[in-house]
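A.B. asks: As you go down the protein sequences, you meet chains E and H in turn.
Take the first sequence: its position 121, counting from 1, is numbered 121 in the working numbering, and each next residue is one higher.
Take the second sequence: its position 10, counting from 1, is numbered 10 in the working numbering, and each next residue is one higher.
Read the hints as simulated data drawn from the structure, not as lab findings.
Any given hint could be a false lead.
To be verified - Per label pair, the in silico range of CB-to-CB distance: (1) Asp226(H) - Leu274(E): 52 to 60 Å; (2) Glu416(E) - Asp239(H): 32 to 40 Å; (3) Glu416(E) - Arg107(H): 31 to 39 Å; (4) Val198(H) - Gln539(E): 18 to 26 Å; (5) Pro459(E) - Lys270(H): 42 to 50 Å; (6) Gln11(H) - Glu322(E): 29 to 37 Å; (7) Phe231(H) - Ala300(E): 36 to 44 Å; (8) Leu274(E) - Gln128(H): 52 to 60 Å.
Beta carbons are placed, not taken as given, at the ideal position from N, Cα and C, and that holds for glycine.
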Amino acid sequence: MAVDLNILIGGEAGQGVQSIGLILSKVFTRGGYHVFTDQDYESRIRGGHSFCRVRIKDTQVQAISESVDLLVALNRESVDLHEKEVVSTGLIIAENDKYAGGDNKKIFVLPMSELAKNKAGNPLTANSVALGALMAITGYELELLQNVFKDHFKDNHVLQQNITAAVEGYTYTKNNVKSSFHHQVHAREDTHKIVMDGNEAVALGALAAGCKFVSAYPMTPSTPVIEYMASKENEMGLAVIQAEDEISAINMTIGAAFAGVRSMTATSGGGFCLMVEGFGLAGMTETPIVIAYGQRPGPAIGLPTRMEQGDLQFVLRASHGEFPRAVFAPGTIEEAFWLTVKAFNMAEKYQIPVVILYDHYLADSYNTVNRFDMTTVTIDRGLILGSDELNSIKDYKRHKITPNGVSPRAFPLAGEPLVVTDSDEHNEAGHMIEDAETRTLMMQKRMRKLFSLRQDIQPPKLYGPKNAGSTLIGWGSTFGPLKEAIDLLHHENISVNMVHYSEIWPFYKETMVDIMAHSQHTFTVENNFTGQFADLIAQETGNLVSGRIVKYDGRPFSPEYIVREFNKMGG
Amino acid sequence: MEDKSIYTGIQPAWCPGCGNFGILQAVQRAFAELKIKPSRVLMVSGIGQSGKLPHYLKANVFNELHGRPIPAAIGAKIANRELVVIAVSGDGDGYGEGGNHWIHAMRRNHDITYLVHNNQIYGLTKGQASPSSDLGFVTKTTPDGAPLPINPIAVAISCEASFVARSFAGDVDHLSAMIKLGISHKGFALIDILQPCVTFNHKNTYSWYRERVYKLEDGGQYNPDDKMAAFSKSQEWGDRIPIGVIYRKVRPVYEDLLPALKNGPLTRQKLDPLPVDRFLNEFA
Ligand SMILES: Cc1ncc(C[n+]2csc(CCOP(=O)(O)OP(=O)(O)O)c2C)c(N)n1
Ligand code: SF4
Ligand SMILES: [Mg+2]
Numbered sequence: 001m002a003v004d005l006n007i008l009i010g011g012e013a014g015q016g017v018q019s020i021g022l023i024l025s026k027v028f029t030r031g032g033y034h035v036f037t038d039q040d041y042e043s044r045i046r047g048g049h050s051f052c053r054v055r056i057k058d059t060q061v062q063a064i065s066e067s068v069d070l071l072v073a074l075n076r077e078s079v080d081l082h083e084k085e086v087v088s089t090g091l092i093i094a095e096n097d098k099y100a101g102g103d104n105k106k107i108f109v110l111p112m113s114e115l116a117k118n119k120a121g122n123p124l125t126a127n128s129v130a131l132g133a134l135m136a137i138t139g140y141e142l143e144l145l146q147n148v149f150k151d152h153f154k155d156n157h158v159l160q161q162n163i164t165a166a167v168e169g170y171t172y173t174k175n176n177v178k179s180s181f182h183h184q185v186h187a188r189e190d191t192h193k194i195v196m197d198g199n200e201a202v203a204l205g206a207l208a209a210g211c212k213f214v215s216a217y218p219m220t221p222s223t224p225v226i227e228y229m230a231s232k233e234n235e236m237g238l239a240v241i242q243a244e245d246e247i248s249a250i251n252m253t254i255g256a257a258f259a260g261v262r263s264m265t266a267t268s269g270g271g272f273c274l275m276v277e278g279f280g281l282a283g284m285t286e287t288p289i290v291i292a293y294g295q296r297p298g299p300a301i302g303l304p305t306r307m308e309q310g311d312l313q314f315v316l317r318a319s320h321g322e323f324p325r326a327v328f329a330p331g332t333i334e335e336a337f338w339l340t341v342k343a344f345n346m347a348e349k350y351q352i353p354v355v356i357l358y359d360h361y362l363a364d365s366y367n368t369v370n371r372f373d374m375t376t377v378t379i380d381r382g383l384i385l386g387s388d389e390l391n392s393i394k395d396y397k398r399h400k401i402t403p404n405g406v407s408p409r410a411f412p413l414a415g416e417p418l419v420v421t422d423s424d425e426h427n428e429a430g431h432m433i434e435d436a437e438t439r440t441l442m443m444q445k446r447m448r449k450l451f452s453l454r455q456d457i458q459p460p461k462l463y464g465p466k467n468a469g470s471t472l473i474g475w476g477s478t479f480g481p482l483k484e485a486i487d488l489l490h491h492e493n494i495s496v497n498m499v500h501y502s503e504i505w506p507f508y509k510e511t512m513v514d515i516m517a518h519s520q521h522t523f524t525v526e527n528n529f530t531g532q533f534a535d536l537i538a539q540e541t542g543n544l545v546s547g548r549i550v551k552y553d554g555r556p557f558s559p560e561y562i563v564r565e566f567n568k569m570g571g
Numbered sequence: 001m002e003d004k005s006i007y008t009g010i011q012p013a014w015c016p017g018c019g020n021f022g023i024l025q026a027v028q029r030a031f032a033e034l035k036i037k038p039s040r041v042l043m044v045s046g047i048g049q050s051g052k053l054p055h056y057l058k059a060n061v062f063n064e065l066h067g068r069p070i071p072a073a074i075g076a077k078i079a080n081r082e083l084v085v086i087a088v089s090g091d092g093d094g095y096g097e098g099g100n101h102w103i104h105a106m107r108r109n110h111d112i113t114y115l116v117h118n119n120q121i122y123g124l125t126k127g128q129a130s131p132s133s134d135l136g137f138v139t140k141t142t143p144d145g146a147p148l149p150i151n152p153i154a155v156a157i158s159c160e161a162s163f164v165a166r167s168f169a170g171d172v173d174h175l176s177a178m179i180k181l182g183i184s185h186k187g188f189a190l191i192d193i194l195q196p197c198v199t200f201n202h203k204n205t206y207s208w209y210r211e212r213v214y215k216l217e218d219g220g221q222y223n224p225d226d227k228m229a230a231f232s233k234s235q236e237w238g239d240r241i242p243i244g245v246i247y248r249k250v251r252p253v254y255e256d257l258l259p260a261l262k263n264g265p266l267t268r269q270k271l272d273p274l275p276v277d278r279f280l281n282e283f284a
């Protein structure tokens, strides 16, 4: 039987819901399965309601499912809120069978608090009792849980308590569960895959790309990027500085890049609002920088711990004036890594700012992935003059006008010649100017870089038949749900395919023009109100999509939701 | 006299008689006397009349946005510690638009020198009040008189800036001496420079300053290592204005605390993806 097991763990902030999600993801990945885990939590440290959904499959999985096979309720509210999502053959693990409003036959009573306190000697291990119970119910190997615990708990005493708690939960469940659970999962061969979230993938991508300088101001959801990179300061020889604000962060990043190192900043929409001025400065001074931009719902503070794709048009247009930029929106964890590497290469090759536009959903969801092969990471720093070349030039011009618009870069103190640049419009030498002629030439020089940059943009991904009655179009983190929605629709024998963009700007037009000529219906699927990608398509191709499937409640799409919306649109 | 010609840049576009000429001369003299090659210097300026200074010199130049020279200067200094990094602002640029960066750069004690051309007015935008305009100063934007000015010296001392000095653009000898001390100082060095704007500030003129400034080093009584004395000195303004080193403190430099800088400038570190392979084990 194909494995597709969905576990939902609910509780309040502080009960360890997030770490259960991570531990389960690792436990099943080590047993040769594919896991996708998302997080749903409130902007608070204690209390409230949070949950994570862990989906385990024997084939690749990149989205959650709406139906729940196992609900682990660490408090009563979790039963109240999620009971209805549990399938008829499903099970609810809870402390008390009075919790369920409707069908309390589904409840398996597990005395988590009691076992944690009296058997494991630590009330905080209640969630490990639940994890042990999960192993017993699904028939999965308890050793794998114990192995993951060994890596997870650094303190030996705490580790032993948690192992005891898990064994207690496991044994209690084996002895007390009445009938065998419908979905038994046994560990398979370990394929040595890893489990990672989007933030970690971006951080590792930046480290692999040779980023040496990070300046940022903390903001959900991208904060873990800087935290992870800071933890590698020693090993990777990079400097991480927490700036006083985002304005400072981006200007420090620009200063470091000008001086000669690969540099980046990380933020969310509110922070990027403050960075916009500096974004334009990078454009004007042709300083390569990378911005890891994790979107969350706005405007203003919005929903700090939720997801949205509401900033696409903002990023495409950010700053006054015109200059070339690149915008990448990874659809998967792998892409988050590889596009971050590419962002650094494009930034330096074209001496432009590059934005990695991801969102809270991708940032915080764990997925089983293959280990990235570091030997295939390429580092292309573009045109940089070494000291000999530089010293042979008498008067070096930082902004020399060239056929493709890219001027050879040099760094201060790399040689004797001076490096001069200006936020004012400037001449080739970098000194400020006022005359119309130079202004015109410099605008043309900078904008010309877009033509070559376009050649480096990969086409969007096509999934499903080349020609279909309808096409679903997505970008960024909707990749997983969208792809599965296509599979679900194919099961209903509907002629549909999908186009997914992860290299958004410069826009790869040809595929879209082609699709719009062949598909009867085209629908964009995106997490915002207006359908910003649909507007981008209209701008770039002159064509309107047939419909816009949008969602702006701060929660990600599920494949089932997309199918329902698609059917409503009569696709 | 040292040869200053190697430090001569493009033709200045300031008004004749502007105090900025004195600052330009003093910076050139300081470079010459310290024997710093232009290629070792990075000047990061903001926007205003002061922002143009680096273009009129010979140095590496990053002419930043209004108010933002300090962050870029910090980024560049961390990237390459072998550069002598000097940030340049006006009173509006530094104490207004970029005030937050200034405060935190002093607190963190980055190893940069900060020159503030303080003409108590917005010169480039033609004569509006600045954060340091005297109380009651009337301009087109302050028809009822300017509110209380910022006291940059007192702010700097309270942020434990490790070197705080004031000088006067009309005294090139004194100013170049202060700039030399600032550049030689390890840590953040603020030099607030009283700079006459002959076109828009008809109150704080050369003669107005000349009548009031006196040198702290004359008399030999003043001790800049005494924080409380420095605080009370910072309160003097009006009839008598002290110039010289007002506060000095030896304390850890931010860049010294960064482990990555121990192996030389970041600009010379190797870019190598392979070590990242090891980190992947954390995710198994
Ligand atoms: C964000 C921004 N706001 C406003 C301006 C306009 N502006 C340019 S310089 C300046 C004030 C300059 O005053 P100051 O820093 O004292 O320099 P000065 O010209 O007096 O040397 C202003 C308001 C700008 N360039 N950028
Ligand atoms: S306006 Fe004032 S500060 Fe500006 S150049 Fe003229 S005199 Fe100097
Ligand atoms: Mg001024």
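A.B. asks: Now, for every hint given, state plainly whether the structure supports it.
C.D. replies: These are the hints, each one checked on the structure:
{"no.": "1", "hint": "Asp226(H) - Leu274(E): 52 to 60 Å", "result": "violated (39 Å)"}
{"no.": "2", "hint": "Glu416(E) - Asp239(H): 32 to 40 Å", "result": "violated (49 Å)"}
{"no.": "3", "hint": "Glu416(E) - Arg107(H): 31 to 39 Å", "result": "holds (36 Å)"}
{"no.": "4", "hint": "Val198(H) - Gln539(E): 18 to 26 Å", "result": "violated (51 Å)"}
{"no.": "5", "hint": "Pro459(E) - Lys270(H): 42 to 50 Å", "result": "violated (34 Å)"}
{"no.": "6", "hint": "Gln11(H) - Glu322(E): 29 to 37 Å", "result": "holds (30 Å)"}
{"no.": "7", "hint": "Phe231(H) - Ala300(E): 36 to 44 Å", "result": "holds (40 Å)"}
{"no.": "8", "hint": "Leu274(E) - Gln128(H): 52 to 60 Å", "result": "violated (24 Å)"}
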